[in-house]
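Engineer: Can you build the whole structure from these sequences, using the hints too?
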Amino acid sequence: MPNHIQYRQGDILLSTTHHIYAQQGLLINQNDQNVSLEKKRPDLVLAIGEKEGHAHVAVGLDVELWEDNVGTLWLKAPNSATITHPEHSSITVAPGTYEVIRQHEYAPGQRPRNIAD
Amino acid sequence: MQDIPAGEGYDSLLRQEAISIAKLDSTARSAAIAKFGEDLWIKYAGLKQIHNDGIRSTWSTANLNDDDGNPAVFVRVINSTPEPDGTSKVYWLRVPPNLHTRIIFTRGYSHAAISWTFGYASHGYTPIVET
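If you're matching them up, the sequences are chains A and B in order.
Mapping the first sequence onto our numbering, position 26 (from 1) lands on 26, and the numbers just tick up by one.
Numbering-wise, our numbering comes out as the position in the second sequence, counting from 1, plus 1000.
Keep in mind the hints are simulated off the structure, nothing from the lab.
Careful, some of the hints might be misleading.
Across the chosen pairs, the derived CB separations fall in these ranges [said to hold, decoys possible]:
1. Asp32(A) to Thr1027(B): 27 to 33 Å
2. Arg1015(B) to Asn31(A): 38 to 44 Å
3. Gly1054(B) to Val45(A): 30 to 36 Å
4. Glu38(A) to Lys1048(B): 45 to 51 Å
5. His1100(B) to Asn3(A): 19 to 25 Å
6. Gly1054(B) to Arg113(A): 24 to 30 Å
7. Ser80(A) to Ser1088(B): 26 to 32 Å
The following residues of chain A were derived to be distant from chain B, with all beta-carbon distances above 10 Å [unchecked claim]:
8. His19
9. Ala22
10. Leu26
11. Asn34
12. Glu38
13. Lys40
14. Pro42
15. Ile48
16. Gly60
17. Leu61
18. Val63
19. Glu64
20. Glu67
21. Asn69
22. Pro95
23. Arg111
Reference listing, derived: stretches of chain A covered by chain B, where coverage requires no fewer than 3 residues with Cβ under 8 Å from a Cβ of chain B [what the hints assert, rightly or not]:
24. 4-12
25. 76-90
26. 97-109
Just so it is clear, CB atoms sit at the ideal spot from N, CA and C, and this is done for glycine as well.
Structural biologist: Here it is in structure tokens:
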């Protein structure tokens, strides 16, 4: 049994919080920070790609997208959700709450650059 | 790539172009490599393969350094979902030159490199589905 469940679609990774913390009702991000969801987003766009209209979008019953207190997006999918993108096969994720992790690359002397496919 | 006449300086021009491509952001770099030709880019950027797990590979070149003089390292990945024409997009993502993590020894350098691109310095990158 993995500590968390992850799904990847191109340049985004959806990751549940560690299952022990989830049982305690805590959201722990990938940097082991305890975060809280603060702002509900009006849309379900997880990330916008480089090309027009190329976005990772969540679809599903009662699906919500939230921003936490450190600016990271979290997907709440109480009844599962399907993630779509024009260049990637859709993914259906199990019910849960997922941290939306953007892929980045190394840039010498700068902060890592986000990748947008 | 623009037409460059063969002759004196030809290799030098191609090396300069290859290094310029390496400095682009990942999306522009991937498009430029597709146009330049991947084999030529590898040759003229001076890339040497340092790991290959059968799906992803990691490459290094001393022709492009970071601020500390370390050689540039790239991980080559292929989109899991093919394009409508059956081809698959290839991306070359730059990663730090010194990935001294335990998973290099257990899962290989390329897995460690991809883990880093998603913010996992040591362990934790374990997707059950990839598209």
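Engineer: Quick check: which numbered hints come out false for this structure?
Structural biologist: Nothing - there is no hint that the structure violates, so all of them hold.
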